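The hints should help you fit chain B onto chain A, whose structure is shown.
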Amino acid sequence: DVKVTQSSRYLVKRTGEKVFLECVQDMDHENMFWYRQDPGLGLRLIYFSYDVKMKEKGDIPEGYSVSREKKERFSLILESASTNQTSMYLCASSLVYGYGYTFGSGTRLTVV
Amino acid sequence: QQPVQSPQAVILREGEDAVINCSSSKALYSVHWYRQKHGEAPVFLMILLKGGEQKGHDKISASFNEKKQQSSLYLTASQLSYSGTYFCGTERNAGNMLTFGGGTRLMVKP
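Line order of the protein sequences matches chains A and B.
Counting from 1, position 78 in the first sequence corresponds to residue 78 in the numbering used here; the numbering is continuous, with no gaps.
Counting from 1, position 5 in the second sequence corresponds to residue 5 in the numbering used here; the numbering is continuous, with no gaps.
Bear in mind the hints are in silico, worked out from the structure with no lab data behind them.
Because the structure is a prediction, the values reported are computed rather than measured.
Every residue gets a Cβ at the ideal spot worked out from N, C-alpha and C, and that includes glycine.
Incorrect hints may have been included.
List of simulated lysine-lysine pairs, BS3-like, C-alpha gap at most 27 Å [to be verified]:
| # | chain 1 | residue 1 | chain 2 | residue 2 |
| --- | --- | --- | --- | --- |
| 1 | A | Lys55 | B | Lys26 |
| 2 | A | Lys57 | B | Lys50 |
| 3 | B | Lys26 | A | Lys57 |
| 4 | B | Lys37 | A | Lys3 |
Among chain B residues calculated to face chain A with C-beta under 7 Å, some are [claimed, not checked]:
| # | residue |
| --- | --- |
| 5 | Ala41 |
| 6 | Ile47 |
| 7 | Gly95 |
| 8 | Met97 |
| 9 | Phe100 |
| 10 | Gly101 |
| 11 | Gly102 |
| 12 | Gly103 |
Covered stretches of chain B (chain A as the covering partner; in silico rule of three or more C-beta atoms under 8 Å from a C-beta of chain A) [stated by the list, open to error]:
| # | stretch |
| --- | --- |
| 13 | 28-40 |
| 14 | 85-94 |
Bound-form chain A, shown alone (with noise of 0.2 Å):
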């Protein structure tokens, strides 16, 4: 089975902060996402990747950044963490377009 994996479950931040959400894929997949996840609203995507070094905006990408230098791993950055960032992040891949995504467990970001 596909496996992705957050490094972290729970984050306790500063407000200003520069933080680093880390992602990794051990099945070659060309797609990764990020999503933050609030109640009521459903998954909202921040940024996804088809290829290394190739990113793509999605519906809220202000505040966060991303980088893709290796095909397995997909980090998500705050660039300086505000409390309205607090939240559930959950990183996802497919292997192309037209398939199912798989999700990694999330990281629940709490920003003080």
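Below, chain B alone, put in the same frame as chain A:
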């Protein structure tokens, strides 16, 4: 634009049936369905492509009405294990990323 899911929540007794709907105002290429249990990652259930199709997955099946831009997820003879939040994800063109609905919380009671 986010697809709209209905209902937002539903409570069932074991053995009862349920239907969850997912509607979009835009033409769709595909619809995905996922289930997320509390504290866990969303799990892929099935994908339906335009052309109007129906798929089955044990006692969980889904349809996609291309003309109405609507998909429905059918849960038959529900089991306790069906409890969770169901999300639809829509893709407007092949090669686009998924846009998810707000979710439908399903609770199955003994």
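Status of the hints after comparison with the structure:
1. A/Lys55 / B/Lys26: holds (24 Å)
2. A/Lys57 / B/Lys50: Judged against 27 Å, a Cα distance of about 25 Å means the pair holds.
3. B/Lys26 / A/Lys57: holds (20 Å)
4. B/Lys37 / A/Lys3: Holds, at about 17 Å.
5. Ala41: holds (4 Å)
6. Ile47: holds (6 Å)
7. Gly95: With a minimum Cβ separation of about 5 Å from chain A (threshold 7 Å), the hint on B/Gly95 holds.
8. Met97: holds (5 Å)
9. Phe100: With a closest approach of 4 Å, the B/Phe100 hint holds.
10. Gly101: holds (5 Å)
11. Gly102: holds (4 Å)
12. Gly103: holds (5 Å)
13. 28-40: Answer holds; 4 residues pass the 8 Å Cβ test.
14. 85-94: Check passed, 4 qualifying residues.
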